[in-house]
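Participant: Each chain, written out:
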Amino acid sequence: MFLINCPFCGERDQSEFSSGGEAHIVRPKQPTELSDDEWAEYLFMRKNIKGIQFERWNHVHGCRKWFNVVRDTSNDKILSVYKMGEKPPVNYK
Amino acid sequence: MLDILHPNISNINKNNIDINLSEEKIKINIRGKNKEFFTKVGKILSIILPSESNTSSSNENYDVLWLSPDEWMVYFDENKNSNIFDQLYKDISSLKFGSITDISSQLICINIKGENIFELLSSGSPFNFEKFKNNVGSSTQTIVNHIDVILHHKSKNNVNLFVRRSFSEHLYEWLVDSSNFV
Chain G
841 MFLINCPFCG ERDQSEFSSG GEAHIVRPKQ PTELSDDEWA EYLFMRKNIK GIQFERWNHV
901 HGCRKWFNVV RDTSNDKILS VYKMGEKPPV NYK
Chain P
154 MLDILHPNIS NINKNNIDIN LSEEKIKINI RGKNKEFFTK VGKILSIILP SESNTSSSNE
214 NYDVLWLSPD EWMVYFDENK NSNIFDQLYK DISSLKFGSI TDISSQLICI NIKGENIFEL
274 LSSGSPFNFE KFKNNVGSST QTIVNHIDVI LHHKSKNNVN LFVRRSFSEH LYEWLVDSSN
334 FV
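In order, the protein sequences belong to chains G and P.
Take any residue in the first sequence, count from 1 to its spot, add 840: that is its number in this note's numbering.
Take any residue in the second sequence, count from 1 to its spot, add 153: that is its number in this note's numbering.
Bound-form chain P, shown alone:
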């Protein structure tokens, strides 16, 4: 049984697929569409929000995923810039330029690495991974094993999968089980 409170102990390697449940990431949902919003976010994160669908932007500190035309998710390691949420909230939400929500507790990050990861994900998803797997930096929202997920192609054959906490145990077990058959 997966220990959801101590996620880093859960590391599975099967059939060239490495599945690691990692909770130590801050995730922030940002929404907005006016000029001030883009200026403030760019200034605080030192990053330009991706405007093209299914893409992401990254710098040494942050990864920003496109979720919809006026919605993005920023994620980064817990030990980096822990006050960035307060800064974004103060400069954007408080001034009503957009909406900033800390969703760190809502989502669990499962890191999947290895040569066969796209075969594994394809076995439970209607999403066509052909373009996604050839483009590092791609991101998408889709369903895997009937569960809503956000996927980020972080580096070659290395995907960060974000899933709601309540579904994470079931999805993790499905991934581990399915990795036996790819």
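Only chain G is shown next, with the shape it has when bound in the complex:
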């Protein structure tokens, strides 16, 4: 269990949130032009890093807003939280 600092509500317990998987995956502009492998790559393939990962989270039992989180998966430490549409912090890239 860990605490997540919702950019709208403040610090809350992890149990109030739902993980939405990897962040910053861009939908292809012309899906019809992709091969099956390329489409599957976009749709299903996700990184599973031990270390710093960019993720989407939803405050599902609170304000119900989506936001982005930079999390170290090796120790569950939240390094940064930023709103949807904002640029990811450069120091973790």
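No lab work stands behind these hints: they were computed from the structure.
It is possible that part of the hints are untrue.
The list that follows gives simulated cross-link-like pairs (lysine-lysine, DSSO-like), each with its CA atoms no further than 30 Å apart [said to hold, decoys possible]:
| id | chain 1 | residue 1 | chain 2 | residue 2 |
| --- | --- | --- | --- | --- |
| 1 | G | 905 | P | 188 |
| 2 | P | 286 | G | 923 |
| 3 | G | 917 | P | 186 |
| 4 | P | 196 | P | 167 |
| 5 | P | 307 | G | 927 |
| 6 | P | 307 | G | 905 |
| 7 | G | 923 | P | 233 |
Using the hints, position chain P against chain G.
Facilitator: Here is chain P on its own, set in the frame of chain G:
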């Protein structure tokens, strides 16, 4: 067994905790973010919507709770201004300035009063009540006994808890049962 159709008969007092199931409130969910929306709501309710998270605004007629940056819940006694929903809907929803939804039937209001209410709520919630209990007017959405709730610190040691109707009986019984152990 709780009689959900006749909620006002359910009044329990244990360990300085008074739990009263009260359904006689109108609840309206309002959503919007443009200038016209804020102007219309302010004019109709004579209240400024709270912009700070986990807070509320009140006047003699209405309580408005912050739910998210573009969502609020207004609640008031059933006998007051019964046409306020129609007025809000006509001036906001119909003109597409925002969204107005009557959620009176969706949510049940459980009033909890007494010195030990925050110990009771803390026993089933991951929410940190330290700041909440010291600030009258605070509001929050969290989970109590794994159930989504909206909490409003109405006055000192007096909290209105809003819960979905289908969960209300189970949560009410949990509150009554848990009040034996705080």
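Participant: If a hint holds in the structure, say so; if it doesn't, say that too.
Facilitator: Results for each hint:
With a C-alpha separation of about 21 Å, the suggested pairing of residue 905(G) with residue 188(P) holds against the 30 Å cut-off. Between the alpha carbons of residue 286(P) and residue 923(G) the distance comes to roughly 28 Å, so the proposed pair stays at or under 30 Å and holds. The suggested pairing of residue 917(G) with residue 186(P) is violated, with an alpha-carbon distance near 34 Å, which exceeds 30 Å. Our distance criterion of 30 Å between C-alpha atoms is broken by residue 196(P) and residue 167(P), whose separation comes to about 43 Å.
Restraint check for residue 307(P) and residue 927(G): the C-alpha separation of about 39 Å exceeds 30 Å, so the hint is violated. Taking the CA atoms of residue 307(P) and residue 905(G), the gap is about 25 Å. The hint holds against a cut of 30 Å. Simply put, residue 923(G) and residue 233(P) have alpha-carbon atoms about 39 Å apart, too far for the 30 Å limit, and the pair is violated.
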